[in-house]
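Hey, can you piece these two chains together into the complex? The hints should help.
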Amino acid sequence: MKVTYNTYTTKQTKAAPLAVFRVLFGFMMLASIIRFWANGWIQTLYIEPTFAFSYYGFDWLPLLGNYTYLLFFICGLAAFSIAIGYQYRIAIIVFFLSFTYIELLDKTTYLNHYYFISCLSFLLIFLPANCYYSIDALRLKKIRAKNVSAWTINSIKALLCIVYLYAGLAKLNSDWLLEAMPLQIWLPSKYDIPLLGNMLQKQWVHYAFSWGGAFYDLFIPFLLLYKPTRSIAFVLVVIFHLLTRVLFPIGMFPYIMIISTLIFFNAHFHERILLFFSAILKRLSIFNRVSFLEVNRATNYKIAPYVVGLFITVQLLLPFRYLMYPGELFWTEEGYRFSWRVMLMEKAGYAQFIVKNTKTGTQFAVNNSDFLTSFQEKQMSTQPDFILEYAHYLGTHFKSQGHKNIAVHVESYVALNGRLSQPFINPEVNLLDIEDTFKHKDWILEFNDTIQGI
Amino acid sequence: MKKNFIYVLSCFLLIVVACGEDDSSEQAPSDNFDRGALLVNWADNIIMPGYDNLAITLTTLEVATQGFIDAPTSVSLEEVRSSWLASYLAFQRVSMFELGRAETLNYRNRLNVYPTNTSEIEGYISSNSWNLELPSTIDSQGFPAIDYLLYGLGTDQELLDKYTIGANASSYKMYLLDLVTTMQTLTNEVSSDWANGFRQTYVSNTSSSASGAVDQTVNVFLYYYEKALRAGKVGIPAGVFSGTPLPQNVESLHNEFVSKQLLLEALSATVSFFNGEGFSSDFPGNGFGLNTYLDTLNSVKDGSDLSVLINNQFVVAFDKIDLLDDSFVSQISNDNLKMLGAYDELQRNVILMKVDMLQALSIDVDYIDADGD
Numbered sequence: 001m002k003v004t005y006n007t008y009t010t011k012q013t014k015a016a017p018l019a020v021f022r023v024l025f026g027f028m029m030l031a032s033i034i035r036f037w038a039n040g041w042i043q044t045l046y047i048e049p050t051f052a053f054s055y056y057g058f059d060w061l062p063l064l065g066n067y068t069y070l071l072f073f074i075c076g077l078a079a080f081s082i083a084i085g086y087q088y089r090i091a092i093i094v095f096f097l098s099f100t101y102i103e104l105l106d107k108t109t110y111l112n113h114y115y116f117i118s119c120l121s122f123l124l125i126f127l128p129a130n131c132y133y134s135i136d137a138l139r140l141k142k143i144r145a146k147n148v149s150a151w152t153i154n155s156i157k158a159l160l161c162i163v164y165l166y167a168g169l170a171k172l173n174s175d176w177l178l179e180a181m182p183l184q185i186w187l188p189s190k191y192d193i194p195l196l197g198n199m200l201q202k203q204w205v206h207y208a209f210s211w212g213g214a215f216y217d218l219f220i221p222f223l224l225l226y227k228p229t230r231s232i233a234f235v236l237v238v239i240f241h242l243l244t245r246v247l248f249p250i251g252m253f254p255y256i257m258i259i260s261t262l263i264f265f266n267a268h269f270h271e272r273i274l275l276f277f278s279a280i281l282k283r284l285s286i287f288n289r290v291s292f293l294e295v296n297r298a299t300n301y302k303i304a305p306y307v308v309g310l311f312i313t314v315q316l317l318l319p320f321r322y323l324m325y326p327g328e329l330f331w332t333e334e335g336y337r338f339s340w341r342v343m344l345m346e347k348a349g350y351a352q353f354i355v356k357n358t359k360t361g362t363q364f365a366v367n368n369s370d371f372l373t374s375f376q377e378k379q380m381s382t383q384p385d386f387i388l389e390y391a392h393y394l395g396t397h398f399k400s401q402g403h404k405n406i407a408v409h410v411e412s413y414v415a416l417n418g419r420l421s422q423p424f425i426n427p428e429v430n431l432l433d434i435e436d437t438f439k440h441k442d443w444i445l446e447f448n449d450t451i452q453g454i
Numbered sequence: 001m002k003k004n005f006i007y008v009l010s011c012f013l014l015i016v017v018a019c020g021e022d023d024s025s026e027q028a029p030s031d032n033f034d035r036g037a038l039l040v041n042w043a044d045n046i047i048m049p050g051y052d053n054l055a056i057t058l059t060t061l062e063v064a065t066q067g068f069i070d071a072p073t074s075v076s077l078e079e080v081r082s083s084w085l086a087s088y089l090a091f092q093r094v095s096m097f098e099l100g101r102a103e104t105l106n107y108r109n110r111l112n113v114y115p116t117n118t119s120e121i122e123g124y125i126s127s128n129s130w131n132l133e134l135p136s137t138i139d140s141q142g143f144p145a146i147d148y149l150l151y152g153l154g155t156d157q158e159l160l161d162k163y164t165i166g167a168n169a170s171s172y173k174m175y176l177l178d179l180v181t182t183m184q185t186l187t188n189e190v191s192s193d194w195a196n197g198f199r200q201t202y203v204s205n206t207s208s209s210a211s212g213a214v215d216q217t218v219n220v221f222l223y224y225y226e227k228a229l230r231a232g233k234v235g236i237p238a239g240v241f242s243g244t245p246l247p248q249n250v251e252s253l254h255n256e257f258v259s260k261q262l263l264l265e266a267l268s269a270t271v272s273f274f275n276g277e278g279f280s281s282d283f284p285g286n287g288f289g290l291n292t293y294l295d296t297l298n299s300v301k302d303g304s305d306l307s308v309l310i311n312n313q314f315v316v317a318f319d320k321i322d323l324l325d326d327s328f329v330s331q332i333s334n335d336n337l338k339m340l341g342a343y344d345e346l347q348r349n350v351i352l353m354k355v356d357m358l359q360a361l362s363i364d365v366d367y368i369d370a371d372g373d
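Heads up: the sequence lines are chains A and B, in that order.
The C-terminal residue of the first sequence carries number 454 in our numbering, and the numbering is unbroken.
The C-terminal residue of the second sequence carries number 373 in our numbering, and the numbering is unbroken.
Looking at chain B on its own, in the form it has when it is part of the complex (with noise of 0.2 Å):
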């Protein structure tokens, strides 16, 4: 009997010697897909180059700015108005990237907040003071306050006139190039981030926990197509979620005729990061993304090739924006039926990849710290 209970004794050492082992690994992953890799494709092949173009983008619009307000004059206008679009066709390809210092900072809501506030806006200048730190001004900055700065101030004449003639002229130059700086300060903290420390951090956090950065990659990247492609560009203004269209939601509401081709450029970017593939030709990318990963774990998916079947549903959804207006505003008044069409494509999306795709990856959704059994 006394022999037992040491046996059973030793049974509880291994017990503690196991326990002991929770979260101590560090090892490289050791299974046939190399999610190192993909971290690599996405880090250095994708998000990186994406933020340092968007950078470039954003000095060009800063320049702008400057000359604008310097002398505004319809020339310098157009000037600001393309570089400003340029840098948020460029802000489309990172805005899902909320990670690292991207999250603390709270980035997309800070450069793409819409509808615009123009009363606080306007309150703001006619006041001549602002701190667009405050979380309250989250709906007064970003690219929609610069639409409505560099479109939504009556015909051009009238908008020149604002900053010309007006009587808070020099109030209006400030609080548009206030704007502008801020963003770039954003992104280059973003960027600078990445470049010293976190892209490091972040490759070699294989881990297989809700913590490990594939698991967050893909629910950032899930959320965002979820609420902010979805739902906010497409799924608000039609009116999926209030029963009445909401055209005032569109994103760039004051030229609102770029609302699309924002759109397009977004969901692009979603399809290049679902496949892996590198921002330009400089960054060819390594062949890693969530196509090849689910590939991998084909087996699971019994004869249906899942990452096939979401890239036919992009291009399904594709075909279906096409159609579409280049103002959303004017196609939610025309023939909402047609937003609401483009929308119920995203949609079949939202299902294959976040019920589908999580289940065959295994990864909680927006993790659950709690018991399973």
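Only chain A is shown next, with the shape it has when bound in the complex (with noise of 0.2 Å):
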């Protein structure tokens, strides 16, 4: 076992792919930031609001205000930093703090493709990416190195194979198969876009995109991992990626997505491309001239593997804890966040939270308007644990007012692909007596459907 470890960790490859990757990653990550800053979301996603959801356990992460742009700054900073390799480690450990703590601020801007850039990004401050075509290489002699273990690339390739293969199997339901749901939904309402508009409106292009979304997800990584198959795996990448940039507000995932998948070519490929990079900046040919080592002796891989190791583990196993709670998925969202289900289902949902006095009996109605913004109140609708942050909230505020002996409640309906709404939270339970917990939540009443599969 120790043997199979030590060769594994030792063994060589070329470090043109994890260069190529790193100063890939860099300007679409530094080109995220500036798209996010152009597109005012700072100001409205992060400042406007007067409340944050947090994540469990990150509440006393302070707010910024105006010193988001900042936080945002230095993110866009270190990404550039990143780019061009100069102070590599500190500039991924930077923008994987400053990038995380950005989406740790409100829960309500949760999107998969944030959670896999931090979790892309943990897993380069393990990796020597910075020993190839970087700044720092050319400045310091000692990291220089044509060659790096095999599985730093290897580990890249592991975390696009989990996110692909996991947002396959979360597919196998029956109302994604069965019913073509939440497609059937979707897809119609894209009836002007050129060409495929038509189309859209059609139930067996619903289960074609169904069932295609499925299959594609499932088998891409094993197209992309064996030679034979990975010219024509990307071309898959590439129109699958575009078709869901075409047909869905996506921002940059798919191009990270198309763009990540380039890691899967060889050694050679990925020369080539250095060597492009090279013949647009004439000044970048100093690659070629300087001499490198041809082993990288960077002394942290040392723990290095063992950290990639467990990471991938966790990886592996976090998106099943679903499976420790009763009911149905969907419906309680219960372990349904950092899992890969991606663009799963169609939810929609009307909370009217109801503030009580318990001695008095007198009650009144909540306007979510007064304290949300129409995207959080959209994203609280449908969650339990944005309710049940809410109400402690709404508990907190009008008890600052003066009101007393107070109990929350909450009248909801949600509607889950199609179905017709249904009450959502028990509207007999008072939310203040409530902590937010890891256990099941029981105050979330019946899903009255089932909904087959993984």
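These aren't lab readings, by the way, just hints derived from the structure by calculation.
Every residue gets a Cβ at the ideal spot worked out from N, C-alpha and C, and that includes glycine.
Incorrect hints may have been included.
[Claimed, not checked] Here are some chain B residues pointing at chain A (derived, C-beta under 8 Å): (1) Ser242; (2) Lys338; (3) Ile351; (4) Asp356; (5) Leu358.
[Unchecked claim] Derived EDC-like pairs (lysine to aspartate or glutamate); straight-line CA-CA distance at most 16 Å: (6) A:Lys190 to B:Asp34; (7) A:Lys190 to B:Glu158; (8) B:Lys227 to A:Asp370; (9) A:Lys107 to B:Asp364; (10) A:Lys378 to B:Asp34.
Right, here's the structure in full:
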């Protein structure tokens, strides 16, 4: 076992794929930050709301107000630093921390692809991505190397495979495969897309897209790993992600995935890309002249493989934590996040909060728009942990206004994947009596239908 | 390997081309529901006739007001009062369409913020100076302010005295006339905007995006139903949002016996809009409404016919409202439970429309500008 482990961690491969990945990742992140800023989303998503939904255990994290711009600036600067490979180790740590901080500010904005970025940047902390084609490599002879341990590049491939595979597994349910839901709702509403608009109305197309999407996610990792099918797999990657780009508002994610899958190509291919960079910026040809050591001798290899191994194991297990909860996952969303359940369901809700005086029996309804942005209200009304956190916030708010003996109840309705809306949270329960835990939330009413599958 | 590289490069070229297509779609919609026809129906048979009708009733009101201030008598007073009610009812049929010019003018609020600020009105009149264009005067104008000036100044004789022998008689007259002509100006502005170009923009804006006319209209419609009708006319005065009833917040407080009539008119306008029914026999409608839109997409609803559910719920709400006193002030003080009962039935349709209908139509409530995944 020891021998196998050693062979695996010491097996060498060309560093070019890792260098290309670092450069493209850095620039994509920089572009994402600029795009986010330019769209005015820092203001509307992080500064304007008076209240933010925090992740379990992270409610101590301070909101930054106008300093949020500084946080984004630091994050963008770190991304640029990663791209050019200057002070890489510090840059990637700063990027991971600042990006994750942004995501932790308000879980309203949770997206699987933001989580993917956090995971990827965490992984990159432990990889010697600056040993080739970087400013660090020019400056520091001792980190310069043409080869790296094969596990470093393989760990990125592993993470990508997990994302696809788990996204595929999540689609193996009766709503997706047998009812073509939610695509049956989403696709017809894209009637004005050129060429496709007409087709998107047809039911067989909804089924074709549902099944095609599931097959794509399940098999693309293998097609990318297997050399003879790699090129055709990449064409599929491009087509698939461009389709999702045209059909849904998913921002930079399609491009990030397309770029990321380049890692599956071999070193020769990546060296060509580097030559291409050099050709664009003539100065970069300096990299072709300096001498590189054959093997990267960076010392952090001692613990890095263990950390990365542990990280990949956690990634493999975390999506299955939903199995520990009773009830329908799509309904309760207990164990739904951080599991690559991407564009998987259509959920809409309405939550009317009632503040009661338990002594006098008087009560009044809350106008959600007094406290939440419409985005927050939309996310809150379908997710139990949001509802609970908001109820506590309301309790605190009205207590501070002098209301006494307060109980907070909610009358809520949720419609899932085109089913008729039904009551969501038990309206009899005083939400102030409940603390959020990872235990099953028995105050969620039962889902009156069954969805088969994983 | 070189071949491979060129091949990947051309894939990226494809990406660039595909991105260029972003918002270029100005093609006619091509699915089995004709949104263009839906928009034409809304514009030509519901919205524009509604504004035209309101403009006519406002002209009558203006003439009657002119007659009243020329010679304030109990006869001319009754004439203003009845034309005020006629135009208030006509307003209920267009109040929900806060689109285009109406949106920029803040039209609904300019015409119907209640309760009206009586002390502010009295202040303007006694100082003989006001400017109805100022945002701060929004609660001192429109139908509720006229309601106060026509019903809220004591007995009919006391009221007539204010306009005849009172110290500020001329100021009262001018304020009343200014209120009426301001409503006229605003309505004509909205109406002529529809007639001169906006209608064309509107009916051709069949885009599926959040800026598409269908999305926007459905959003303003639901906002109206939830905030202005359900909460404003019923929920707030019944104390749903305050714990204690607020009868002083009913629509038409001073002529309190028409609150129910106004609500019924507003609700029937809502139902007509939902079902795409034309404004009158002159505008019979072309059969396109949210109901038929939902029926076309009915594959989505798994057997349960959403448009029928929503219409049935409207009937239930009408039945509950029918039980109410003409005056909501007395209904709230005598038996607020009935008022709350009516609210609950109106609320049921907020859920059916805002949750179920929007999901079926795949329309985002209050367009949110952010990525999804």
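*If you draw a straight line from the CA of lysine 227 of chain B to the CA of aspartate 370 of chain A, is it 16 Å or shorter?*
13 Å, holds
*asked:* Please check whether serine 242 of chain B passes as an interface residue: C-beta within 8 Å of a C-beta belonging to chain A.
replied: 5 Å, holds
*leucine 358 of chain B as an interface hint toward chain A, with CB separation required under 8 Å*: 6 Å, holds
*Compare the distance between the alpha carbons of lysine 378 of chain A and aspartate 34 of chain B with 16 Å, and conclude whether the hinted pair is satisfied.*
29 Å, violated
*Are lysine 190 of chain A and aspartate 34 of chain B close enough, with their CA atoms no more than 16 Å apart?*
This hinted pair holds, its Cα atoms lying about 13 Å apart.
_Hint validity - aspartate 356 of chain B Cβ closer than 8 Å to any chain A Cβ_ = Check passed: Cβ of aspartate 356 of chain B comes within 5 Å of chain A, closer than 8 Å.
*asked:* Please check whether isoleucine 351 of chain B passes as an interface residue: C-beta within 8 Å of a C-beta belonging to chain A.
replied: 5 Å, holds
*Hold the hint about lysine 338 of chain B up to the distance rule: shortest CB distance to chain A must be less than 8 Å.*
Nearest chain A Cβ about 17 Å off; hint violated.
_Restraint status (C-alpha distance of lysine 190 of chain A to glutamate 158 of chain B at most 16 Å)_ = With Cα atoms ~63 Å apart, lysine 190 of chain A and glutamate 158 of chain B exceed 16 Å; violated.
*Straight-line Cα separation of lysine 107 of chain A and aspartate 364 of chain B no greater than 16 Å?*
20 Å, violated
When held up to the earlier numbered hints, the structure conflicts with 2, 7, 9, 10 and fits the remainder.
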